[in-house]
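If you read the protein sequences in the order shown, they are chains B and A. Numbering of the first sequence is given in our numbering, commencing with residue 1 and proceeding in unit increments. Numbering of the second sequence is given in our numbering, commencing with residue 1 and proceeding in unit increments.
Treat the hints as calculated values from the structure; they're not laboratory data. Treat the hints with care, since some could be wrong.
[Claimed, not checked] Chain B is faced by these chain A residues, among others (derived, beta-carbon under 8 Å):
id, residue
1, 176
2, 316
3, 320
4, 451
5, 621
[Stated by the list, open to error] Here are a few chain B residues that face chain A, going by a calculated C-beta distance under 10 Å:
id, residue
6, 123
7, 126
8, 129
9, 168
10, 169
11, 170
12, 171
13, 199
14, 203
15, 245
16, 269
17, 284
For glycine and all other residues, C-beta sits at the position ideal for the given N, C-alpha and C.
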Amino acid sequence: MTHPFKIVTVPAPIEAASSFRLEIETPEFPSAELNGTELSIRDAEGVEVARSAIVRGSDGVHVLAPVPSGLIAPATTGSHLWQAVLCHDDATEDDADTPPEAVPFAVDVAAHTIFVSVWDMPAAVEAGRPFAATIGLKCTCGCDTRGWAFSITDAVGCEVHAGRVGDVPAAGTDALYHARVEMMAPAEVGRAVWSVAAHCPDHPMPHALRIQPLHLNVTDRAEIALRLRVVDAETGAPVPRAKIVAHPFRTLADETGAAELRVAPGEYRIYASGKGYFASQHSTRITGDMELVAELHPDREPTVADAWA
Amino acid sequence: MAKKRWTDSTSGKAPAVGMNRRDFFKAGAAAGVGAAALGAPVAAQAAGHEAGPGGITWDYEVDVVICGGGCAGITAAIRARDAGASVLVVDANYDLGGRMLHSGSFLSLGGGDVIQKRDMAGEADAEGYITVPPVEEPAELDDNVDLLFTDVTDWSIVDPKAQSPYRYNEREMMRAWAENCPPTREFLMANYVRFTRVSGTHGGGGLSRARAPYCFLMLGDVTDIRKGTITAEDAGLADPERTSAFAPVKMEDAASLVGPGAVRNGVALARPLEFSMREKGVHVMLNRHFDDLIREEPFAGRVVGIRASYTPRIHPESGQRLESFWQNGNIDERRPSVNIRARKAVVLASGGHAGNPEIRSMFYGAMREPAFPTSGMALLGPAAQDGTALKAALRIGANMAGMQQNLSYPTTFHIASRLGTRDAYTDMYPGHPTFPFRAATGLAVGGSGFEEFIAVNQVGKRFFNEVRLPKRPGANRYPGDKAAPGQGLEHKPLDWRNCAAEWVRQSYTYDHGLDAAIAMNEGSKAPHYHSGSLWAIMDQDAIDRTGWELRFPFVNESNGYFFKADTIQELAGKIFAGHPFARVPLSHLPATVETWNGYVAAGADPEFEREKDAPMYAIAKPPFYALSIMVVWHDSYGGLRCNGRHQVIDMDGQPIPGLYAGGEAVGGFNKHGLGKGHVQGFIAGTFAAAELG
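Just need the whole structure built from these sequences, with the hints factored in.
Set out below in structure tokens:
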């Protein structure tokens, strides 16, 4: 049997026991007129879970009009075959002569994801020296992650840390539980990508293991002082809290526009920028202590004349 | 029947000079009876009067009907009224001014106008407000009509997008424009408009001379249009986070162009003109959208009137209808549709089509995307720039001109650097009645602020080097710093060297970030393949670095254009659930951020080479933020074809009797802004009033 349209879930796949909506795709071109067609949505057991009409959005996409209780996916992962049954005004389902038209569609259910965040970590770490980072865990579907475990493995798969997040959300977040972790940088200079994985055994909802990379820029001893004074190119006034980046080293200037960055010897493209100032760059080789003045050009609000050339 | 309210513009006194109420309601009960008769049902006033084409019943009758109360419409209205005509302005919005009110008031005319001459002579204004010396040298102000006409029809000029802004302009119309620039300047001054020192020239106004001052008012204890003063509160300057009902956009300091205490922007142009118009007895019907022209025959005969529908703007919180700042001259007509007879002429001044995705997509199919509005959507409402003049005139046989010029103006469409609001073109704070329609002022991050975040499309993918997104092509006007050979006075008009290959290569600065932003992506679906919304994605570190204030009124978590979340994945979900134009989930966003953080760690962005232009920062520290990035299609340059009298021309090259047009409704003049609208309104008003009727 061919159906006049195809039904897809949005999103696809859907996380276990979370809500979703349905979009109607018409394979023919031009698209068929489906506006107002009423559908009975039935789960894999044939139980009606929703009844609503197809509506055409202003963008031309047909969707099933939202139902008050929403559509909720099953709690078990895998593909579930649901059906949309067309409701006819002049024929009931009991009418043996006109069996209802049913359009099957897949409700693909995925495990919840534990989203791992890594922050407050230095952009550069010195080889063989300790450094710290903050690890936060949150389930994408809002499962309570307090006390959930995580582990950090190095580039060759050796575990370098195992821990659990605390029970206080990170500042500014609703429920991102976190832990501060001390680790030791590798002895070898260069880029290294470690990974953080979260675990939640014994939770009633399925949770997928998600690996989050942890990027390390391992450097030699950063002992050369790069001193910068950041000023307005037009007035010479200091640019407070200017941003200094000499990859991978970075810092912020103080209120007088002065900054000191400890770097390892090497070639650098040094950026200075500030709130209301365009970034200014300077490329140089650094072998010993150095002082630079960075002149920044202000990003004034464009005048009418600027804007309407 | 809705109650009709009538207040004469001179506060209930005798009508202004030249005003004749009988003129307005020809079929009114007893002539000059006043309030009682005017309060009678409108249908009774028209009873027994001759019917219009097809037996149409006229609800109102007047000499000249002006569709749209912006820069062209108000100018045309005053001009026609000055000539003794009875005039009715119909506007879809709740208040007058159109986009003139939120403009910068940079009014480029020239041809040797009185302000150029004043500054050449080093003189002040008659009131003595101007205390600073001229900005431009006398030689740079030494202008005449022939030079202006040459400038705005110069075939040889090529702009930084390698396009030609002047050669396609309609020649007869440009001659009329150049000749009418000087009298229009004087006309505006005679209607309470005060001009600053001339400083440069507006885009499309020519390369040879300095031609544009701003409009100003002086801060004072009272707002008095006659005296040219405005209170700090009315100017929106009393409180840094409030605007006023008088000035939807905060006025700017004009000290360097006038002297201490002077403020400028479109308020100093729109409000004085509106004041003068109402004072002179022009009638105003607000909340009334011009829909259709009524012509004697479908494609023949005179245009004899219009049909207009009721379009009140209802405050989303109070449920009350918005009311105009000034009321005198208003006709409170609330019937769904009325027919208005124009004995002499109809002037189309209801704007262009930048707010109509269907029409603007004629020039760039990607701009059919309704997620991106024209500028000023909160102030101007849903009918702003909806192309109604073009549509109505085409229905009765009009021709078009300069349609391709929509794409040859370098900054017609651009990416705004104000984030987190749909109305990203201008600021607006609480205090203006239309603020709730945008619900946030937006976060003005400037061009430099784009280094703080990544920009993603509707599926959560990056699409261009972020710091290049807000860049706009350079000038094509005096002084010709980036778009014309030579500087200022050294410019030689009509010289083939202006478009020599060497020069084009040297001046070409067009950046394609906007085109990447509106390109198709994985979320683009048939039939329109919309590109979808754009988002600035940043973390708490970006806020700590910049000190950006993510609070009301700058952002608003319930306006659908700003979101905050604990994780990037959650942020993607919130955008999809809460943004009015989200059609597909931002399913790539978590991977995009993860990839970006890898680029930051590596110090290189292999996709878009960000590292060559600006530093890069990881997006790691919660909470995470998404602020909308808006593409703005500001204005339009294609439109109705007009002759030098601003009569609308039909497909056979003949003027349509009784039909005039001005401003953005008109095509064939690749000039941005007010200078086009005011002069065209001036011309249209002049000739409309002179019609025999």
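Results for each hint:
A least Cβ separation of about 23 Å between residue 176/A and chain B goes past the 8 Å threshold, and the interface hint is therefore violated. Interface restraint check for residue 316/A: the shortest CB-CB distance to chain B comes to about 19 Å, outside 8 Å, so the restraint is violated. Hint status for residue 320/A: violated, given a least beta-carbon distance of 27 Å to chain B, over 8 Å. Taken as an interface hint, residue 451/A checks out: its beta carbon lies about 6 Å from the nearest beta carbon of chain B, inside 8 Å.
Given the 8 Å rule on beta carbons, the hint for residue 621/A holds: about 4 Å separates it from the nearest Cβ of chain B. Interface hint at residue 123/B: satisfied, since its Cβ lies 7 Å from the closest Cβ of chain A, which is below the 10 Å cut-off. Evaluation of the residue 126/B hint against chain A yields a violated restraint, the C-beta minimum of about 16 Å exceeding 10 Å. With a least beta-carbon distance of about 18 Å to chain A, the hint placing residue 129/B at the interface is violated under the 10 Å criterion.
Interface restraint check for residue 168/B: the shortest CB-CB distance to chain A comes to about 13 Å, outside 10 Å, so the restraint is violated. Checking residue 169/B against chain A by beta carbon gives a least distance of about 8 Å; that is within 10 Å, so the hint holds. Nearest Cβ of chain A to the Cβ of residue 170/B: about 5 Å, under the 10 Å cut. The hint holds. Given the 10 Å rule on beta carbons, the hint for residue 171/B holds: about 8 Å separates it from the nearest Cβ of chain A.
Against a cut-off of 10 Å between C-beta atoms, the interface hint on residue 199/B is violated, since the closest Cβ of chain A lies about 17 Å away. Annotation: interface hint on residue 203/B violated; nearest CB of chain A at approximately 18 Å, more than 10 Å. With a cut of 10 Å, the hint placing residue 245/B at the interface with chain A holds, because the nearest CB-to-CB distance is about 4 Å. Of the supplied interface hints, the one on residue 269/B holds, with its beta-carbon coming within about 7 Å of a beta-carbon of chain A, less than 10 Å.
Taking 10 Å as the C-beta cut-off, the interface hint given for residue 284/B is violated, the closest approach to chain A being about 15 Å.
Violation of the numbered hints given earlier is confined to hints 1, 2, 3, 7, 8, 9, 13, 14, 17; the remaining hints are satisfied by the structure.
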